[in-house]
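Protein chains: 2
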Amino acid sequence: MTDAYLVGAGQSDYGSFPEESYRSLFRTAFEDCVSSVPDGMDPDRIDEAVVGTLGVGGRQLGLSGPAVTEHVGLHGVPVTRVENACAASGYAVRQAVQAVKSGMADVVLAGGVEVMTDASGDAVRYWLGVSGETEWERLSGTTFAGVYAQMASAHMREHGTTAEQLSHVAVKNHANGADNPHAQLGFECSLDDAMSAPTVADPLTLYHCCPTTDGAAAALIVSEDVVGEFTDDPIRVAGVGAASDRVGLFQRDTYAGVPAARRAADGAYGMADHSPDDLDFAEVHDCFAIAELMAYEDLGLCERGEAGPFIESGATRPDGEIPVNTSGGLKSKGHPIGATGAGQVVEAFEQLSGQAGDRQLDDPRVGLTHNVGGSGGAAVVHLFEREKEVMG
Amino acid sequence: MTDAYLVGAGQSDYGSFPEESYRSLFRTAFEDCVSSVPDGMDPDRIDEAVVGTLGVGGRQLGLSGPAVTEHVGLHGVPVTRVENACAASGYAVRQAVQAVKSGMADVVLAGGVEVMTDASGDAVRYWLGVSGETEWERLSGTTFAGVYAQMASAHMREHGTTAEQLSHVAVKNHANGADNPHAQLGFECSLDDAMSAPTVADPLTLYHCCPTTDGAAAALIVSEDVVGEFTDDPIRVAGVGAASDRVGLFQRDTYAGVPAARRAADGAYGMADHSPDDLDFAEVHDCFAIAELMAYEDLGLCERGEAGPFIESGATRPDGEIPVNTSGGLKSKGHPIGATGAGQVVEAFEQLSGQAGDRQLDDPRVGLTHNVGGSGGAAVVHLFEREKEVMG
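Chains A and B supply the protein sequences, listed in that same order. The opening residue of the first sequence carries number 728 in the working numbering; numbering runs sequentially from there. The opening residue of the second sequence carries number 728 in the working numbering; numbering runs sequentially from there.
No lab work stands behind these hints: they were computed from the structure. Don't be surprised by glycine CBs; every beta carbon is placed ideally from N, CA and C. Keep in mind that a hint or two might mislead.
Rough simulated footprint, nothing fancy, chain A against chain B, three-plus residues with beta-carbon under 8 Å [said to hold, decoys possible]:
#1 792-803
#2 815-825
#3 943-951
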């Protein structure tokens, strides 16, 4: 079976862009992605494309894959839209890896796009709600913030996690995002800012919640046969893991973790023959502050129940033992639903190829991305590894 | 690279089922599919699932893959929803093939589901419309019947195709569907019925248009390594081809054909090392009568422009040289958007495994399925081949 390699990745700015369309944002990400390929790539080399989007607002709910790829000149190649709520483009990247490893394609574009800020608050709640459980969550009035608030409450009760520890997620990620020119909320926040912000869904304050975002991101996955044409410093997709779970939180084994993410991580570590100790950084799905803390545990970065003290220790800051969300994460960089998973891969690519600018870590070799759909009905984890020795 | 095999396929009835949900329909298809595996299969053997759905009506637009698979007990495995309008589950089958050939899964469920008949006429038009081009088609008032009427008009003008020839599609497919216990419109129609029916979009009459349908379908794709556990009469996925095109008809190279389907067919024939002459039957995407005629030409069953005389000759009847839509096709069997592509594979499985009942062809060995998204923004073609000799 051929290995799959990440040879380029790019994104639009994340933010509110009333003057842009979902197509123009995708084009920006596509062009940024293609131009990031170290030795260059003619877009005609692309054999296939996979596009993640939820379709917030309902502007192009059918054929939304071909609708964006035709706009960048890819009219002809197989294009598949995938949707797994907020994990849509994480799954798009996974499908690109499968396409390459299947031998059916050598060069696959995996991307995602979402336009959210032109929708009303009610519409955004509807569109996020339809990614949750219908009868027992959405139709009974539970919002996504409400679902994650239940998870935060459970984690606090079971493990003694505090509001201050939740707030440390915001402080760290905003500090990181302040160094990311693509970030939607690229400003720092203090612990007091996060603690004293208005409550959205108790115990979550405004600073414990990511924003709604317009944006697009894309990555290029290629086969072993052709990787040498595009770079002499290849980044291998060393591990891929994915899992589903019951869509409704109330039907799962625990409220204080995301079992699908745990299974996805196990799959990715197993495939890569790596353990959490091998990681140099991770981009995790911090749609709410509690989600980042649960990710630490689900990914094995710390022991179960220890995520609160772990963030407080500074372990996940850029100078810590395992930097998490150097991009700013969903909290500061932003969360354009369908683009988020591919956007995490952009940060992994930039860190591993030394292009992360002010956020650059010191010679990282192994990075992880962790993308969750809904409150954990789907999860996908990728491990990327720079392996200069392969190409000599 | 491992080969991929089709070892089971099943479906719900197609029709209008106000007492069913999208989940219960999917469960029926899943159970029918699992029980169709010749030597049996424990559902725990399923490594992964891919679900096609457009989500007509908006009841579960996010995580709709896990929402149906959890209902059949598959909570845990990776599940991806794919959408390519009416080709959603054709692409789901293709993704299952990639998953198997990638070595990342041995047993993959590919299915689809749609519930349409509980929506108002306006809602159905909206939901089909969002699979067309937005600015120049949907928002300017063009329906899907209108788009295909333009294609029919072009084919008539360029090739002399007649309304009577279009009507022969309805007569043949209703005759076939009358033998299919799952068909929504399982009754015969006469040439006069089809010719004299009310006009929907000139030149298309009511009998030139498929119905709106509730239904689900599913197929099981497995690797070479495990196929022997499930059958000693394996059906190989010999060829897979897919292609996209501009979403808007007005931007394509022709109105009188579907270029994406032609490219998809070329890909499938090439991969299988087969030509149209090798086919024993085909299930094609006859959402409108003109679509079946264009399919004959796009698939190379007849020369370009000759589809009208070809259907008139009886060549595509069950006793003709290349039987087309023995299931009844979308016209008579029905067209539950997200289920249609997988439903075509059900007919291929039943024909190739000798389980097609009153519709059974005489010892077919090679069958083709042809699934089109929108008016041709996406297309996917599969070739299935029974190869008893492989297993001795």
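Query raised in the report: Checking C-beta pairs, does the region 943-951 of chain B have three or more residues closer than 8 Å to chain A?
Result: Answer violated; 0 residues pass the 8 Å Cβ test.
Query raised in the report: Under a C-beta cut-off of less than 8 Å, do 3 or more residues of the region 815-825 of chain B approach chain A closely enough to confirm the stated coverage?
Result: Holds, because 5 residues of the region 815-825 of chain B bring their Cβ atoms closer than 8 Å to Cβ atoms of chain A.
**Report entry** Given coverage of the region 792-803 of chain B by chain A, checked by CB-CB distance under 8 Å (3 or more)
**Finding:** holds (count 8)
In the structure shown, a violation is registered for the earlier hint numbered 3 alone.
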